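Take the sequences, apply the hints, and build the full model.
Chains as they are written, first to last, in full-length UniProt numbering: chain Y, 1 to 218; chain E, 1 to 218.
Hint data in this document are derived by calculation from the structure and do not stem from the laboratory. Any given hint could turn out to be false.
To be verified - If we take Cβ atoms under 8 Å as the criterion, some of the chain Y residues that face chain E in the derived model are:
#1 G180
#2 R181
#3 W186
#4 D188
#5 G191
#6 T199
#7 T208
Stated by the list, open to error - A few chain Y residues facing chain E, derived, Cβ under 8 Å:
#8 L12
#9 D13
#10 G14
#11 I178
#12 L179
#13 R190
#14 L192
#15 E193
#16 V198
#17 A200
#18 E201
#19 S202
#20 G206
#21 V216
Treat the numbers as computed from the prediction; the structure is a model and nothing was measured. All residues carry an ideal CB built from backbone N, CA and C; glycine is no exception.
There are 2 protein chains.
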Amino acid sequence: MSRVRVDLNISLDGFATTTDQTPENPFGDDWGRLTAAYAATRTFRQRVLHDESGEGTTGVDDRYAARYFEDVGAEIMGAGMFGLHANPNDPEWCGWWGEDPPFHVPVFVLTHEPRHPLEMAGGTTFQFLTATPEEALDTATAAAGGGDVRVGGGASTVRDFLRAGLVDDLHVGIAPIILGRGVRLWDDLRGLEAGSQVTAESAPSGTTHVTFRRSVGS
Amino acid sequence: MSRVRVDLNISLDGFATTTDQTPENPFGDDWGRLTAAYAATRTFRQRVLHDESGEGTTGVDDRYAARYFEDVGAEIMGAGMFGLHANPNDPEWCGWWGEDPPFHVPVFVLTHEPRHPLEMAGGTTFQFLTATPEEALDTATAAAGGGDVRVGGGASTVRDFLRAGLVDDLHVGIAPIILGRGVRLWDDLRGLEAGSQVTAESAPSGTTHVTFRRSVGS
Numbered sequence: 001m002s003r004v005r006v007d008l009n010i011s012l013d014g015f016a017t018t019t020d021q022t023p024e025n026p027f028g029d030d031w032g033r034l035t036a037a038y039a040a041t042r043t044f045r046q047r048v049l050h051d052e053s054g055e056g057t058t059g060v061d062d063r064y065a066a067r068y069f070e071d072v073g074a075e076i077m078g079a080g081m082f083g084l085h086a087n088p089n090d091p092e093w094c095g096w097w098g099e100d101p102p103f104h105v106p107v108f109v110l111t112h113e114p115r116h117p118l119e120m121a122g123g124t125t126f127q128f129l130t131a132t133p134e135e136a137l138d139t140a141t142a143a144a145g146g147g148d149v150r151v152g153g154g155a156s157t158v159r160d161f162l163r164a165g166l167v168d169d170l171h172v173g174i175a176p177i178i179l180g181r182g183v184r185l186w187d188d189l190r191g192l193e194a195g196s197q198v199t200a201e202s203a204p205s206g207t208t209h210v211t212f213r214r215s216v217g218s
Numbered sequence: 001m002s003r004v005r006v007d008l009n010i011s012l013d014g015f016a017t018t019t020d021q022t023p024e025n026p027f028g029d030d031w032g033r034l035t036a037a038y039a040a041t042r043t044f045r046q047r048v049l050h051d052e053s054g055e056g057t058t059g060v061d062d063r064y065a066a067r068y069f070e071d072v073g074a075e076i077m078g079a080g081m082f083g084l085h086a087n088p089n090d091p092e093w094c095g096w097w098g099e100d101p102p103f104h105v106p107v108f109v110l111t112h113e114p115r116h117p118l119e120m121a122g123g124t125t126f127q128f129l130t131a132t133p134e135e136a137l138d139t140a141t142a143a144a145g146g147g148d149v150r151v152g153g154g155a156s157t158v159r160d161f162l163r164a165g166l167v168d169d170l171h172v173g174i175a176p177i178i179l180g181r182g183v184r185l186w187d188d189l190r191g192l193e194a195g196s197q198v199t200a201e202s203a204p205s206g207t208t209h210v211t212f213r214r215s216v217g218s
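The structure is reproduced here in structure tokens:
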């Protein structure tokens, strides 16, 4: 049965976003530190950077990175993750991921501004929806062809889906850094663990992978 | 050389205190969930509960629990951890730990109200200090006889010492639960990891042990 999944990188103090972006450094240094273990994996290098050299880590972090892309039939993301907020006046903007985005499935971008769909290389399509989390999930599930639906981000979008009780599988990679500011993933989620199997596994990189897996039917 | 150490149990969302205490249940259910892995260890059962049956877990969690008591020459704690706030009008109050507290070293309780020292069984003495973190540390270091000084808690006291840059070794046991409210350990500590070696190790209990170890001289 199709499941709804979330994967996020967060800091030890629970921040899923960074705050040190500048025009010259649009992701900031903190983003690199937050995602370092994931970006070092062979899966990330192949899938996102199109690096076919086979380089990259292959241990615990790569196992979770590979899982990130498995069995996903459709993706939902917020306007910020697509980059609409950073590029509000560019009708040609196609997202952060280049001409061959790593998704290879239908991607539904939540936005209040209608835009034409984009057909990218590799099977990725971007469609723009004005919808509640429940409506977006219905649309994405229908498009997923029996595969899972991933809510990709950003943090605020993920929190909307978590608070609505729509997420079956949550994976967070916790980087051992204290960011001190940003959007907190865990706010207003007291008792999230109830009804879920929770696992924790630390990688040699210092990143700890925590998963919440909800039983089918609960 | 004597080091300053902290050990705390926190939730996945970073709370080091719980909020569901009632007069009938003075620690609350959440405290039990937050400290379950630690309280299940053989070390905790022996040292805190005086259980000599040898029962209790002996794996990863117990290794950190045993380390908790090793090489400590003196302890500092806040008035709340000693229980003064819960028992303000009881001049006979001797703390939460019974007649043979688990510390077995001089314990300095930070309070604005002078009290007479208490000599307990097993080498534990409680002395009451009105002092800044730096002053308390000087006093405790002198009493530790070359041993380490542990800042035992509670969360607010620990944060005072962390923010003052006085802690050499921090260990947190992160329970895989979302409490959603309480005192956050990590607030105002952006960049705490700088200059420290950081490790992360997950136990089969689901608790993840993270340590920050500052280099000597830094």
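Here is what the structure says about each hint:
1. G180: For G180(Y), the interface hint holds, since the closest Cβ of chain E sits about 3 Å away, which is under 8 Å.
2. R181: holds, 7 Å
3. W186: holds, 4 Å
4. D188: holds, 7 Å
5. G191: holds, 6 Å
6. T199: holds, 7 Å
7. T208: Hint holds; T208(Y) Cβ to chain E Cβ min 5 Å, cut 8 Å.
8. L12: holds, 7 Å
9. D13: holds, 4 Å
10. G14: This hint holds: G14(Y) lies near chain E, its Cβ roughly 6 Å from the closest one there, short of 8 Å.
11. I178: This interface hint holds because 4 Å falls under the 8 Å limit.
12. L179: holds, 6 Å
13. R190: holds, 3 Å
14. L192: With a minimum Cβ separation of about 4 Å from chain E (threshold 8 Å), the hint on L192(Y) holds.
15. E193: holds, 5 Å
16. V198: holds, 4 Å
17. A200: Interface hint status for A200(Y): holds (4 Å vs cutoff 8 Å).
18. E201: Check passed: Cβ of E201(Y) comes within 5 Å of chain E, closer than 8 Å.
19. S202: holds, 4 Å
20. G206: Given a least distance of 5 Å, the restraint on G206(Y) holds.
21. V216: violated, 21 Å
Comparing the model with each numbered hint stated earlier shows that hint 21 is the single one that does not hold.
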